[in-house]
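Protein chains in written order, with my numbering: chain A, 73 to 322; chain B, 51 to 406.
Simulated from the structure, these hints should not be mistaken for laboratory data. Keep in mind that a hint or two might mislead.
No more than 27 Å apart at the CA atoms, straight line, and that leaves these computed lysine-lysine pairs for BS3-like [claimed, not checked]: (1) B/Lys254 to A/Lys264; (2) B/Lys255 to A/Lys264; (3) A/Lys81 to B/Lys210; (4) B/Lys251 to A/Lys260; (5) A/Lys81 to B/Lys255; (6) B/Lys251 to A/Lys261; (7) B/Lys210 to B/Lys278; (8) A/Lys81 to B/Lys339; (9) A/Lys261 to B/Lys255; (10) B/Lys339 to B/Lys366; (11) B/Lys251 to A/Lys264; (12) B/Lys255 to A/Lys260; (13) A/Lys264 to A/Lys234.
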Amino acid sequence: MEKVFGRSKGLSGTPFSFCPGCTHGIIMRLIAEVLEELDIIEETIGVSPVGCSGFCQDFFTCDFVSGAHGRAQAIGNGIKRALPDKIVFTYQGDGDIAGIGTQHAIHTAARGEKITSIMVNNALYGMTGGQMAPTTLKGMKTTTTPYGREVEVYGYPIDLPKIIAALDGAVYVASVSVDTPKNVLQTKKAIKKAFRVQQAGLGFALVSVLSTCPTNWGLSPQESLKWLRENMMPFYAMGELKATEEVKNL
Amino acid sequence: MVKKVLMKGNEIIAQAAIEAGCKLFFGYPITPSTEIIEYLAKHLPKAGGTVLQAEDEIGAISMCYGAAATGARVMTASSSPGISLKQEGLSYCAAAELPVVVVNVNRTGPGLGGLGPMQSDYFQSTKGGGHGDYRLLVLAPSKAQELYDLTMEAFDLADKYRNPVLLLTDGFLGQMMEPVELKPKPASPEFDRSWIVNGAKGRKKRIIASYALSNEVGEAINLHWEAKYKELKEKEQRWEEFYAGDADYLIVSYGTTARIAKSVVLNARRKGIKLGLIRPITLWPFPEKAFLPYKEKIKGAVTVELNTGQMIEDVKLALECKVPVHLYRRLGGMLPTEDEILAFVEKTFCPGLEEV
Ligand SMILES: Cc1ncc(C[n+]2csc(CCOP(=O)(O)OP(=O)(O)O)c2C)c(N)n1
Ligand code: SF4
Chain A
73 MEKVFGRSKG
83 LSGTPFSFCP
93 GCTHGIIMRL
103 IAEVLEELDI
113 IEETIGVSPV
123 GCSGFCQDFF
133 TCDFVSGAHG
143 RAQAIGNGIK
153 RALPDKIVFT
163 YQGDGDIAGI
173 GTQHAIHTAA
183 RGEKITSIMV
193 NNALYGMTGG
203 QMAPTTLKGM
213 KTTTTPYGRE
223 VEVYGYPIDL
233 PKIIAALDGA
243 VYVASVSVDT
253 PKNVLQTKKA
263 IKKAFRVQQA
273 GLGFALVSVL
283 STCPTNWGLS
293 PQESLKWLRE
303 NMMPFYAMGE
313 LKATEEVKNL
Chain B
51 MVKKVLMKGN
61 EIIAQAAIEA
71 GCKLFFGYPI
81 TPSTEIIEYL
91 AKHLPKAGGT
101 VLQAEDEIGA
111 ISMCYGAAAT
121 GARVMTASSS
131 PGISLKQEGL
141 SYCAAAELPV
151 VVVNVNRTGP
161 GLGGLGPMQS
171 DYFQSTKGGG
181 HGDYRLLVLA
191 PSKAQELYDL
201 TMEAFDLADK
211 YRNPVLLLTD
221 GFLGQMMEPV
231 ELKPKPASPE
241 FDRSWIVNGA
251 KGRKKRIIAS
261 YALSNEVGEA
271 INLHWEAKYK
281 ELKEKEQRWE
291 EFYAGDADYL
301 IVSYGTTARI
311 AKSVVLNARR
321 KGIKLGLIRP
331 ITLWPFPEKA
341 FLPYKEKIKG
351 AVTVELNTGQ
361 MIEDVKLALE
371 CKVPVHLYRR
381 LGGMLPTEDE
391 ILAFVEKTFC
401 PGLEEV
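Using the sequences plus the hints, can you model the full thing?
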């Protein structure tokens with residue numbers, strides 16, 4: 073019988089440790105497929121964050137470095153500066169990259185560091201049990217905003233990709249989602265482009281992926297997808313936020 | 051013999067790093083350490099290396115973490131407030147066993163402090179600093195040639211033990227001009243490179259990490275680190291002795307103050323006081339072995355420090371409190387004079403002598 077779908081060579085076979093309905097796993101699978109399709113598994117060094125995806129080094133077949141919460145991009149910059157011919161990517165939650173690691177996010181982009189960052193935005197801190205993140209929406213309930221995020225107290229959510237797109241060193245910025253099969257394909261295309269940008273040495277590339285957290289949202293997997301579509305997608309700027317001419321010509 | 055040149059302390063460190071094969075430097079400017087990044091920005095690229103001014107010291111040490119994971123020789127340098135920011139990264143480097151060389155040109159503190167020399171970061175350097183039960187190998191040069199030689203050796207030690215090495219100097223040593231012989235680096239031994247990440251080509255993938263969610267695994271890793279620290283304690287204690295052999299009294303001092311203490315010893319000897327000096331060169335591991343022959347023999351000791359009494363705790367332990375140990379200190383960037391130290395020694399150990 074013809075095999076139509078199998079596990080990517082980019083994945084080790086270690087079972088994902090995510091909750092049922094969590095879309096972290098889909099995003100990791102897409103990255104693995106891209107690494108395989110571009111034939112760069114053996115050239116790639118991943119950098120993992122601290123958060124629910126903090127164990128992604130176990131799931132991939134490429135080399136991996138894991139460090140402190142929020143530091144993945146700075147670590148990735150160090151790796152890439154030491155090994156300019158290798159491919160370096162970071163996989164980070166929204167708290168990791170847009171909260172504790174903001175300074176690295178801004179300056180990695182400003183310097184045009186030739187690495188690829190994948191940001192997974194579930195609008196809260198998943199790993200620690202659903203606290204407010206910089207990305208938590210207005211009025212959204214989390215364990216540290218039990219009455220909903222009051223902007224008078226907690227301020228407004230950050231749309232990091234929009235900020236990054238404004239920096240000259242960032243050449244490709246996309247905000248995508250994995251809520252439908254069509255969007256999953258779109259996400260894969262964006263991730264692939266972000267890696268090709270790095271292969272071509274054009275500059276910094278960021279792909280932000282909207283992701284579900286059924287556990288901390290208190291919703292079923294199905295309801296979570298609906299909630300993401302109805303609440304996150306209207307707030308966050310979606311699509312290709314930036315692609316320089318050189319990137320378009322890739 | 052190589053000709054001697056006159057150089058600033060910080061520049062000597064930077065030149066030694068280049069000679070030692072340092073290929074990457076990540077830093078953030080702060081007085082009185084800035085000459086290190088400035089010198090390297092000028093000279094390291096010519097030697098095939100990379101210098102990057104990071105967004106802050108947390109970024110700089112995290113970049114070192116990443117670069118060291120690839121097996122490259124990497125260094126960062128800063129001064130007290132910046133070293134505080136590096137503590138997170140140092141804890142992670144120690145846990146992931148990454149060979150990184152870090153320079154602290156100690157200025158005054160706490161807080162923003164001033165630009166003068168202090169030895170106020172002794173506790174931070176030798177007792178942890180960041181979270182977790184780890185140790186840094188801490189080297190304390192006290193003259194130009196040592197700044198050069200110990201910086202070069204720091205890279206070999208970091209590679210040998212897969213541990214961060216801290217070179218602790220201060221605002222005086224960093225800024226002083228002194229002649230130095232820029233000797234070529236002796237050949238390094240071959241170091242194990244079977245752990246580095248550089249792309250899993252033709253081999254199994256490798257992971258550099260420091261998490262241990264199961265307590266059993268956590269204990270095993272801590273035992274592994276403990277064994278390494280024990281080996282360091284056994285093999286790497288270093289110190290210099292100056293007129294210690296027949297001494298009745300010992301000064302214990304490192305770095306800048308040890309320079310002054312040497313003159314104090316000579317002046318005391320001229321007055322008939324049998325004073326000697328033990329100068330720790332490694333602050334961790336603290337050179338306890340240096341005190342073994344003296345703890346039953348001497349009548350007292352005095353530590354001369356630029357803090358309110360930090361190393362004195364280790365000296366008391368090393369002497370097992372068998373003799374009185376006193377502290378003479380200056381603070382806030384001030385340096386003691388030879389005369390005031392000698393007066394303290396006389397007043398403390400030889401009362402009556404002054405009146406003669
Ligand atoms: C310095 C530090 N502060 C806090 C934590 C605790 N912590 C672990 S993961 C995390 C938040 C992760 O959230 P996010 O990056 O959004 O990823 P998610 O788990 O939602 O995928 C926090 C606060 C830590 N590990 N280190
Ligand atoms: S807590 Fe949320 S983000 Fe984390 S694995 Fe579970 S569903 Fe996914």
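We went through each hint and held it up to the structure:
no.: 1; hint: B/Lys254 to A/Lys264; in the structure: holds (24 Å)
no.: 2; hint: B/Lys255 to A/Lys264; in the structure: holds (22 Å)
no.: 3; hint: A/Lys81 to B/Lys210; in the structure: violated (35 Å)
no.: 4; hint: B/Lys251 to A/Lys260; in the structure: holds (25 Å)
no.: 5; hint: A/Lys81 to B/Lys255; in the structure: holds (12 Å)
no.: 6; hint: B/Lys251 to A/Lys261; in the structure: holds (26 Å)
no.: 7; hint: B/Lys210 to B/Lys278; in the structure: holds (11 Å)
no.: 8; hint: A/Lys81 to B/Lys339; in the structure: violated (55 Å)
no.: 9; hint: A/Lys261 to B/Lys255; in the structure: holds (26 Å)
no.: 10; hint: B/Lys339 to B/Lys366; in the structure: holds (13 Å)
no.: 11; hint: B/Lys251 to A/Lys264; in the structure: holds (21 Å)
no.: 12; hint: B/Lys255 to A/Lys260; in the structure: holds (24 Å)
no.: 13; hint: A/Lys264 to A/Lys234; in the structure: holds (20 Å)
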